[in-house]
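Residues per chain are reported as follows:
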Amino acid sequence: MRKLINQLASRLPLEFRVLFRQFLLRVIDLEALSIEADVERFLGQFAGVLIMISFVLAARLIYPTLFMDQAHTASFLREMTLQSEQSVINITFLVTGLITVISWDATFPDRRDVMVISPLPVKPYTILFAKISASAAVLSLAVLSLNLPASSVFSLLLGPLSGSAWGAIRFFCAYWFVIAAGSVFLYGSVLTIQGITTLLFPRRITLRISALLQLAAFALFVSVYFLEPSTPTFGALTQPQNQAFITWSPPYWFLALMNQLTGTLPPSLAWLATRAWFGLGISVTGAVVSLLFCYLQTMKRTVEEPDLVPGAGGLHWAPRIGSLLQTALVLFSIRSLTRSRQHRVAFAFFASLVSAIALSMVHAETQAQKPTPVSMDYLIPTFMMMGFATYGLRSVFSLPISLTANWVLRTTQLRAPEKYFAATRITMFLFAVAPVWFLSAALSAPLWPFSAVGGHLLVLALFGSLLVELCLIGLYKVPFTCSYLPGKLNIQVVFWGMLIVYSTVVLSFAEFENQALRNPNQFAVLVSALVVVIVGLWTFNHNRAKSAELYFEELPEEPITMLRLIIAPPPRSD
Amino acid sequence: MLELRRVSKHFSGIPAVDDVSFSTRPGEVTGYLGPNGSGKSTTMKMITGLIEMTLGEILFEGKPIQDDLIGYKRRMGYVPEEPYLYNHLSGTEYLTMVAQLRDLPALESADRIDGMLRLFSLHDDRHASISSYSKGMRQKILLIAALMHNPQLILLDEPFSGLDVGSALVLRSLIQELAARDKVVLFSSHELDTVERVCSHVVILHRGKVVADDSIERLRSLMELPTLEAIFSQLAVEQDSDSMARQIADLIHA
Numbered sequence: 001m002r003k004l005i006n007q008l009a010s011r012l013p014l015e016f017r018v019l020f021r022q023f024l025l026r027v028i029d030l031e032a033l034s035i036e037a038d039v040e041r042f043l044g045q046f047a048g049v050l051i052m053i054s055f056v057l058a059a060r061l062i063y064p065t066l067f068m069d070q071a072h073t074a075s076f077l078r079e080m081t082l083q084s085e086q087s088v089i090n091i092t093f094l095v096t097g098l099i100t101v102i103s104w105d106a107t108f109p110d111r112r113d114v115m116v117i118s119p120l121p122v123k124p125y126t127i128l129f130a131k132i133s134a135s136a137a138v139l140s141l142a143v144l145s146l147n148l149p150a151s152s153v154f155s156l157l158l159g160p161l162s163g164s165a166w167g168a169i170r171f172f173c174a175y176w177f178v179i180a181a182g183s184v185f186l187y188g189s190v191l192t193i194q195g196i197t198t199l200l201f202p203r204r205i206t207l208r209i210s211a212l213l214q215l216a217a218f219a220l221f222v223s224v225y226f227l228e229p230s231t232p233t234f235g236a237l238t239q240p241q242n243q244a245f246i247t248w249s250p251p252y253w254f255l256a257l258m259n260q261l262t263g264t265l266p267p268s269l270a271w272l273a274t275r276a277w278f279g280l281g282i283s284v285t286g287a288v289v290s291l292l293f294c295y296l297q298t299m300k301r302t303v304e305e306p307d308l309v310p311g312a313g314g315l316h317w318a319p320r321i322g323s324l325l326q327t328a329l330v331l332f333s334i335r336s337l338t339r340s341r342q343h344r345v346a347f348a349f350f351a352s353l354v355s356a357i358a359l360s361m362v363h364a365e366t367q368a369q370k371p372t373p374v375s376m377d378y379l380i381p382t383f384m385m386m387g388f389a390t391y392g393l394r395s396v397f398s399l400p401i402s403l404t405a406n407w408v409l410r411t412t413q414l415r416a417p418e419k420y421f422a423a424t425r426i427t428m429f430l431f432a433v434a435p436v437w438f439l440s441a442a443l444s445a446p447l448w449p450f451s452a453v454g455g456h457l458l459v460l461a462l463f464g465s466l467l468v469e470l471c472l473i474g475l476y477k478v479p480f481t482c483s484y485l486p487g488k489l490n491i492q493v494v495f496w497g498m499l500i501v502y503s504t505v506v507l508s509f510a511e512f513e514n515q516a517l518r519n520p521n522q523f524a525v526l527v528s529a530l531v532v533v534i535v536g537l538w539t540f541n542h543n544r545a546k547s548a549e550l551y552f553e554e555l556p557e558e559p560i561t562m563l564r565l566i567i568a569p570p571p572r573s574d
Numbered sequence: 001m002l003e004l005r006r007v008s009k010h011f012s013g014i015p016a017v018d019d020v021s022f023s024t025r026p027g028e029v030t031g032y033l034g035p036n037g038s039g040k041s042t043t044m045k046m047i048t049g050l051i052e053m054t055l056g057e058i059l060f061e062g063k064p065i066q067d068d069l070i071g072y073k074r075r076m077g078y079v080p081e082e083p084y085l086y087n088h089l090s091g092t093e094y095l096t097m098v099a100q101l102r103d104l105p106a107l108e109s110a111d112r113i114d115g116m117l118r119l120f121s122l123h124d125d126r127h128a129s130i131s132s133y134s135k136g137m138r139q140k141i142l143l144i145a146a147l148m149h150n151p152q153l154i155l156l157d158e159p160f161s162g163l164d165v166g167s168a169l170v171l172r173s174l175i176q177e178l179a180a181r182d183k184v185v186l187f188s189s190h191e192l193d194t195v196e197r198v199c200s201h202v203v204i205l206h207r208g209k210v211v212a213d214d215s216i217e218r219l220r221s222l223m224e225l226p227t228l229e230a231i232f233s234q235l236a237v238e239q240d241s242d243s244m245a246r247q248i249a250d251l252i253h254a
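So the sequence lines, in the order shown, correspond to chains A and B.
For the first sequence, our numbering assigns the number 1 to the initial residue and increments by one for each residue that follows.
For the second sequence, our numbering assigns the number 1 to the initial residue and increments by one for each residue that follows.
Hints are supplied without guarantee of correctness; some may be wrong.
As the list claims (entries may be wrong) - In the SDA-like style, the derived pairs of lysine to any residue whose C-alpha atoms are separated by at most 20 angstroms in a straight line are: (1) B:K135 with B:P151; (2) A:K546 with A:E418; (3) A:K546 with B:I70; (4) A:K546 with B:D68.
No lab work stands behind these hints: they were computed from the structure.
Produce the complete structure using the sequences and hints provided.
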């Protein structure tokens with residue numbers, strides 16, 4: 001198979017292959033996500049995670065049928081058909097959406113491409129095809145991995161329900177057509193919006209809008225996935241209260257399309273499938289037209305127009321936060337987080353986990369008939385959010401923004417390392433602990449009186465402080481300034497580690513807190529214990545920081561232990 | 001006074017700077033010259049404390065700089081060879097950050113930054129991202145950052161790089177003015193004509209070793225050569241430039 005792919009690839013023009021490889025690296029330029037910056041290995045791991053999710057989706061259908069007789073199995077599968085289809089479409093939309101967010105701008109020509117490739121004898125359409133192919137390769141890998149096991153299982157179990165001998169094959173074809181069409185629709189829609197922005201506005205405004213659009217798209221994909229109501233039957237879809245939502249929700253359009261292709265869609269919902277066809281047509285046309293225009297018209301403009309033009313207007317307020325050093329480092333951190341695409345996306349990954357948990361909480365609480373007393377359903381998510389936010393920020397701090405510019409921090413290092421350490425602590429409080437705390441307080445406000453959640457908010461603040469101190473152990477560097485060993489961030493490990501280890505710890509802690517909230521003495525013990533641990537960790541960190549040295553380069557562990565008995569040649573005697 | 005005593009720097013055992021000694025006094029502009037790879041920037045980085053020397057000693061006002069590195073850094077201004085800056089910040093943001101890192105009082109430094117941005121004709125662009133700055137504009141930002149705390153020791157590594165003619169003339173006068181105010185100025189450049197006009201004293205480096213350390217006047221009379229360029233060519237340039245140019249052209253043509 002590999003040989004065949006290599007043979008086919010070798011028939012493609014050399015410049016296309018070179019550009020494809022370069023752009024593929026660019027699409028996944030979050031080197032931090034990869035294992036030792038190995039693209040193939042990263043893609044393999046990425047696919048592995050998605051295949052696992054697909055198996056979970058399939059298992060939800062297989063597992064119950066193992067314990068049922070034939071008659072019950074058929075009725076169970078009929079009941080589950082629409083839900084199962086909806087779940088694969090929704091998760092495909094979410095994954096496609098997240099990939100479009102991560103690879104934002106990767107399909108359009110940027111200044112680097114224009115400056116480096118334009119002087120070479122390479123035609124614009126070669127650049128265009130190489131860019132589209134790179135993005136499409138990552139997207140296809142994700143969609144295939146996410147759906148391969150699920151599509152086989154669904155086709156074998158749900159296809160024959162139609163009674164036709166060809167039911168399984170028909171279902172399989174319909175499944176893949178709809179999944180591919182849905183992904184193309186979403187990706188094309190994003191490209192169309194980006195293309196229109198690029199064509200309509202000057203480059204400097206496009207760059208600003210693009211950053212906002214990226215975050216908005218990200219919020220939209222996550223919100224739709226977590227807030228979309230589940231409709232287990234076609235009857236529920238035709239309910240008047242659901243009409244407004246399904247009319248404007250593309251996942252429902254493609255759900256209807258899947259059922260139209262399998263022959264199970266009621267005629268009263270045919271209009272939904274028609275929307276999918278129209279949406280697909282508009283999205284593909286829009287993407288093709290805007291991409292062509294961008295490559296033919298705006299490539300020259302990209303060179304001529306500066307990324308940002310001089311401007312004396314606007315708000316340039318920079319608040320004072322603590323000492324001058326703290327102000328400098330906090331402002332540097334917020335500017336790095338908000339202005340660098342790589343850092344924004346890496347932080348967005350963790351922010352997505354936080355917002356997903358928050359949205360799940362909102363969803364769960366609004367689904368409930370009446371607000372329950374402060375419960376584990378509220379406590380656990382808040383601790384999870386705090387964990388992801390603090391560790392996420394700590395991880396993003398490890399991504400350098402411009403190593404070559406660090407000389408200025410080294411030549412102006414006029415204070416003791418513990419002062420820098422304190423500035424990093426404040427930054428973590430401001431960007432991780434405080435937002436999660438306020439979000440948790442805001443989410444609890446409509447459901448419970450402050451007196452009911454005040455105790456938990458105090459514990460949450462202390463818990464956040466504890467996590468900050470844990471994250472600060474050994475962090476003797478200025479955020480965003482230290483080189484890192486590729487793959488050190490290792491998001492895959494962090495993700496699964498947090499999910500398994502941290503959630504187990506949180507579960508136990510939340511159970512204990514839940515009891516403590518009902519018992520003042522126990523609560524006082526809990527708070528006191530937390531304070532003691534925090535003070536202990538703070539003292540430990542502070543004392544170690546006093547004797548530490550700020551470092552700007554992460555050095556790999558040596559495979560052989562060096563004794564370092566000779567560190568320099570002996571001085572000459574002449 | 002800045003003094004280097006038998007300073008060496010080895011990378012993986014290979015000497016980049018080998019047994020370099022020279023001194024530069026207040027009120028004097030010392031030119032530090034050498035061909036590419038001769039060890040000029042490595043010496044500059046050792047003087048700033050960015051890299052550690054393998055052997056030797058660097059003294060400022062008679063004391064080893066390592067004895068009070070923080071105090072030394074307070075009194076030093078440095079313009080590096082390449083205009084590496086944090087591109088995601090604006091000019092004002094970058095300079096304000098440097099002022100804060102240097103612990104300069106907020107109001108005073110804001111006025112000083114504003115004034116220097118005006119004098120360097122960067123005021124209109126002060127809120128633009130540094131990524132949109134030209135090389136010359138970046139160089140001006142580096143100069144402001146190096147000078148705004150009124151340092152006693154000024155280290156300039158190719159400070160004229162990218163500057164337009166007008167700005168270069170201003171900088172040339174500024175270097176002389178700073179020396180006249182008793183600053184210690186060490187100035188590394190490939191522009192021999194400028195060095196000849198600005199510097200009173202030169203140190204020429206070749207393959208990591210000092211091959212000349214004297215006033216330009218004395219070097220001229222000792223070597224009986226009319227210009228610094230001629231002195232430099234004799235001491236530090238190995239290849240015949242005309243012959244090399246011919247070989248390159250032949251290779252391209254082949």
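Against the structure, the hints come out as follows:
| no. | hint | in the structure |
| --- | --- | --- |
| 1 | B:K135 with B:P151 | 24 angstroms, violated |
| 2 | A:K546 with A:E418 | 5 angstroms, holds |
| 3 | A:K546 with B:I70 | 15 angstroms, holds |
| 4 | A:K546 with B:D68 | 17 angstroms, holds |
In summary, the one numbered hint that this structure violates is 1.
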